[in-house]
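Protein chains: 8
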Amino acid sequence: MKSPQKFPVRARVLTVAAAAVIGAGTFGAVSATASTAPKTFTETTHLTAGSAVKAAQAALAAAGKDGQKVSVAVVDRNGNTVVTLRGDGAGPQSYESAQRKAFTAVSWNAPTSELVKRLQQAPNLKDIPGTLFLPGGAPVRTEGAPVAGIGVAGAPSGDLDEKYARAGVVALG
Amino acid sequence: MKSPQKFPVRARVLTVAAAAVIGAGTFGAVSATASTAPKTFTETTHLTAGSAVKAAQAALAAAGKDGQKVSVAVVDRNGNTVVTLRGDGAGPQSYESAQRKAFTAVSWNAPTSELVKRLQQAPNLKDIPGTLFLPGGAPVRTEGAPVAGIGVAGAPSGDLDEKYARAGVVALG
Amino acid sequence: MKSPQKFPVRARVLTVAAAAVIGAGTFGAVSATASTAPKTFTETTHLTAGSAVKAAQAALAAAGKDGQKVSVAVVDRNGNTVVTLRGDGAGPQSYESAQRKAFTAVSWNAPTSELVKRLQQAPNLKDIPGTLFLPGGAPVRTEGAPVAGIGVAGAPSGDLDEKYARAGVVALG
Amino acid sequence: MKSPQKFPVRARVLTVAAAAVIGAGTFGAVSATASTAPKTFTETTHLTAGSAVKAAQAALAAAGKDGQKVSVAVVDRNGNTVVTLRGDGAGPQSYESAQRKAFTAVSWNAPTSELVKRLQQAPNLKDIPGTLFLPGGAPVRTEGAPVAGIGVAGAPSGDLDEKYARAGVVALG
Amino acid sequence: MKSPQKFPVRARVLTVAAAAVIGAGTFGAVSATASTAPKTFTETTHLTAGSAVKAAQAALAAAGKDGQKVSVAVVDRNGNTVVTLRGDGAGPQSYESAQRKAFTAVSWNAPTSELVKRLQQAPNLKDIPGTLFLPGGAPVRTEGAPVAGIGVAGAPSGDLDEKYARAGVVALG
Amino acid sequence: MKSPQKFPVRARVLTVAAAAVIGAGTFGAVSATASTAPKTFTETTHLTAGSAVKAAQAALAAAGKDGQKVSVAVVDRNGNTVVTLRGDGAGPQSYESAQRKAFTAVSWNAPTSELVKRLQQAPNLKDIPGTLFLPGGAPVRTEGAPVAGIGVAGAPSGDLDEKYARAGVVALG
Amino acid sequence: MKSPQKFPVRARVLTVAAAAVIGAGTFGAVSATASTAPKTFTETTHLTAGSAVKAAQAALAAAGKDGQKVSVAVVDRNGNTVVTLRGDGAGPQSYESAQRKAFTAVSWNAPTSELVKRLQQAPNLKDIPGTLFLPGGAPVRTEGAPVAGIGVAGAPSGDLDEKYARAGVVALG
Amino acid sequence: MKSPQKFPVRARVLTVAAAAVIGAGTFGAVSATASTAPKTFTETTHLTAGSAVKAAQAALAAAGKDGQKVSVAVVDRNGNTVVTLRGDGAGPQSYESAQRKAFTAVSWNAPTSELVKRLQQAPNLKDIPGTLFLPGGAPVRTEGAPVAGIGVAGAPSGDLDEKYARAGVVALG
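Those protein sequence lines, which keep their order, are chains A, B, C, D, E, F, G and H.
Count along the first sequence from 1, then add 334; that gives the number in my numbering.
Count along the second sequence from 1, then add 334; that gives the number in my numbering.
Count along the third sequence from 1, then add 334; that gives the number in my numbering.
Count along the fourth sequence from 1, then add 334; that gives the number in my numbering.
Count along the fifth sequence from 1, then add 334; that gives the number in my numbering.
Count along the sixth sequence from 1, then add 334; that gives the number in my numbering.
Count along the seventh sequence from 1, then add 334; that gives the number in my numbering.
Count along the eighth sequence from 1, then add 334; that gives the number in my numbering.
Calculated directly from the structure, the hints in this document are not laboratory data.
Some clues are possibly wrong.
[What the hints assert, rightly or not] Here are the computed lysine to aspartate or glutamate pairs in the DMTMM-like style, where the Cα-Cα straight-line distance is at most 20 Å:
#1 C:K460 / C:E430
#2 A:K460 / B:E477
#3 B:K460 / A:E448
#4 D:K460 / F:D461
#5 C:K460 / B:E448
#6 E:K373 / B:E477
#7 C:K460 / A:D461
Chain A with its partners taken away, still in its complex shape:
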């Protein structure tokens, strides 16, 4: 079973993972999880619920400052929704859109505005269940690897949605 010394090892691996992300701008998925085969257990990093709420509220507040009505979602690295927030007056389509944008951002560790561009090479990526290729999703990273996604929907443009999603990320410090 894991000795405490192993924890530093894990951090090292994460650093490598982060380097891969930074260096490669890779298309695929990267992860904060580092596992080697013979281990029984592995650790994954998540936003706390408290932080996730804080990020969602920051995104909503940023939209409110612009007079925009949006919904917000925070999804963890395994695709589980942690927080959803249906803003006052946000269109009914925004609630599930926000979740899907968050899911998409954390899946590929990139803002959805960038992921939209990838459809030029691989247009059928957008057929993957749970995804939505519209601007408004932003990944939350720790040591370069994605641990959560924040999605915003309902503003007049996807760029605005993504501005608010980024405000959510920034609020995490």
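Start from chain A and add chains B, C, D, E, F, G and H according to the hints.
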């Protein structure tokens, strides 16, 4: 319609929202709901069930006058279906199509015939769950903000469908 | 085809419906159902279960003669599946494909090979739930109006699928 | 193919079916459809959309007279929803409940208040998809056979719900 | 809470509704919405998103004080989820349970611990889609009528869950 | 039934499986598949589509002889639907019921009328997705092991449904 | 069990959680995750994919030794399926049953054979989506807290299923 | 691959099927199943569960060697999932993607990288439920006919995914 004097504070806010809509032709969602953060409760405006039925019947009658067989749906601002009406002889695809057109129209406060054009800039909007980007959906507005959507499907063209949806809106006075 | 004398009142109305179909090559849905507002009840025409099985078997046999492995479905005018038949060795995708092709053909009263062409004008038709715009679906008509759809899937080309679907229609006499 | 003389035959069969219903309080399903094997087509009887709306409105009005807030649904003999009507202020659970009660009533040609009793002998009937064994559903019959179901939900008791559903049936004359 | 003077007409009707609730301990649904037939529009009352978050956080904090790991949901009167919050370490079953408890509480305007008792008379109530008859859901009322439900799940007992849900209600002032 | 000489190696193994079934009256699942670990491939036995149709038609005919209106389904050992057949005038609940009864019968290699009794010991068996514990399902066996299930629904009693399902099995010779 | 010294801060909290489990036989959910509010991130423990496969294979092998045909699933603490394994000849109902048993075991950190007993006090627990209250699920714990669930289905009794699930747990060492 | 001597009668028929595949490079589905109408039963070939796990592990290991984090699925010829394996750190979108790629590959007996090209002629193939037209799926064949599909998802490119899927096929020997 309610006189503005009855709900003085709220009406003012709604007027502002309406102005934003009229002035901007915005792409995103607008709303009849006005909320400021410290309030505990907010009010939203809905078609009464009686009015929704009247609108649906008017849409069906307009189609019948043209000898067209359609289904009709009325959806409120939160995406909840208020009325559905499967017309005699309407194709089986029309029932859910009508609901989705209504949902789409109320989500973006525009007729779906206009929303179809927006796909040129943002083609993946049509991947948002619950939407359908085909003519035949019309928003119901009060003070410029969307409170409901009426969707019609089953006629030989989407333009006809939308003509009947508009007849439903007109019936609301 | 039934002569109009047989059901004097009803048949007259149906004749009109049929005429509309024949004269217009319309895009939308037409129907064997004729209703006038003040009536409480209306009649709709359906394939008997026995006929639906016969048609499905004929389609399967036609495919078998060509050495093709397919699935077959018969759907009524209201979109309800009447018969499904998973052919020996047919691919797993064929079963639901057949149902959707049948649904699509009966919805618009046209072979799906023709309906595919309509996507050029209205590409989002294919987003309507339950539809599939691939050749292989054929409508069953009585007096020109659609009462059922037969769908076939699994052959190496949609044209072959549709050949077998037509064989199913022909078997109904 | 059917000769006009056959139509009297059909009525006779329906009479028999009705007799079976009345005399037996049978547990299973009966039907307004009468088919003999060699026929290609059969006719089924449906409420017109106009009648279905009238019935739904009558049910809603009956509830309103009692100050109750309900949703109403009308489902045809094949289980297809013809009309739904979400009443003002009705609880969110009422909308789908009304549809399921209507579906249940038309499936077994009996008010759901009676069908609830049948669970004593066959408790797992309530596991059949689409059903709901709560009072509030009433069948619409023609010549004793079920052609539609009306479901009401949202009143403080199922008995009240069913009173309004029956008011819907009565409105059909 | 809003004083009745602010919305003189509407408040009167609401008072009646509230009276019905208080006097009767009624089984069915009541509502903050008051509509009379000839009106085109009606208003419904909702928690603001900000208040809903505050309530959810209060519920989560109350659980945290007891060392319990739970998920929380706030659902509006139309059944739309406004806020979800998956607490750190809460069991995976808690997330959807919380939503269903909130939905159930707002549907019948009662804590789910009371609604569980109603199953003795009407055991099939629990088959209504979207509901869950376990303690842990509490209604949010304004003037006696339900406008939202708060659901909590994941604690070792439903009574604890409901204690936290009530803490959420209390936080609304 | 196939003679053992035809597939000498495989049949031996199957005989063992059959023996286990006969000897034990076991509660769990048995199978016509015999695999030993190091093999890459294994064979499973299925009804041909032609036989499945024949069985379904026989079940429908048996119901028709009694004047009963039913739906029929044949499901293979892996739970895949092979044939469905919605009988003329069968209630709308019968179509999916038939599939679930067939699924249940093949899952536990017993008529569903017997499986209902097992709920006394293990009442939650009926919560397994896809199952329905009502009489009307019958397994199709080869060498004692289940290869398919036939389900019938819509008759006034489950016993009648099962009589027709058995007629389907008998038709396979 | 890991000694608390190994993960000084985190382990202490976990020890408390474990103690609660051991001392109370609590009804609710416990967790390997320990978070304090001001932290942005938290760590959760998971089985590695390699270990999950090993456990699933061990469960399958244990069943094979008894001549039983089963399916196996491993689900992590967040309810995400990590491994599924459809055994040769296992009944079609076993695949999803195994997942639900695993989900149920990890949700309440107890074998499902024990959880079944809890239904006596709270029978509606079994209505929580994703759960199945049948023996055959076993939790995987680290420091007393649940990190995964192993579910087995398809044997003639739930007790056998659970025996194999436990064999899967044992294989993790 | 199995030598024909092992299953003399059956293999002959399979050889014919295989020949059809090799000779035609057909677009549609081919199958390891050979049935002639009068037979009651037919045999289909499947990977054993043990082999399926082995293939999935080989695919995962190949990805691991490249430092890629993926999920893997093995689906049989009838579309039933046999094995799923969520790799450590694989993106949440990878789990269902892998299943769909496997399903797509076995449906048309070709690697999904080739099937993507077929969309040029028949773009709506990708609307068939359960499919995903992205590289990463590979068929498993016996005697030329498809018996299973292996799908991999989560690597930075579909080509990498497919490389690992092929490694899974190779591991079957």
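Exercise. Going straight from one Cα to the other, do K373 (chain E) and E477 (chain B) come out at no more than 20 Å?
Worked result: 16 Å, holds
Problem set entry | Hinted pair K460 (chain C) and D461 (chain A), Cα distance within 20 Å | 14 Å, holds
Problem set entry | Restraint status (C-alpha distance of K460 (chain B) to E448 (chain A) at most 20 Å) | Judged against 20 Å, a Cα distance of about 19 Å means the pair holds.
Exercise. Is K460 (chain D) within 20 Å of D461 (chain F), Cα to Cα?
Worked result: 12 Å, holds
For this session: Below or equal to 20 Å on CA atoms is what counts here, so check K460 (chain A) against E477 (chain B).
Result: Judged against 20 Å, a Cα distance of about 37 Å means the pair is violated.
Exercise. CA of K460 (chain C) to CA of E448 (chain B), is that 20 Å or under?
Worked result: 19 Å, holds
Exercise. Is the hinted pair K460 (chain C) and E430 (chain C) satisfied, with a Cα-Cα distance of at most 20 Å?
Worked result: 16 Å, holds
Violated hint for the displayed structure: number 2, the only one.
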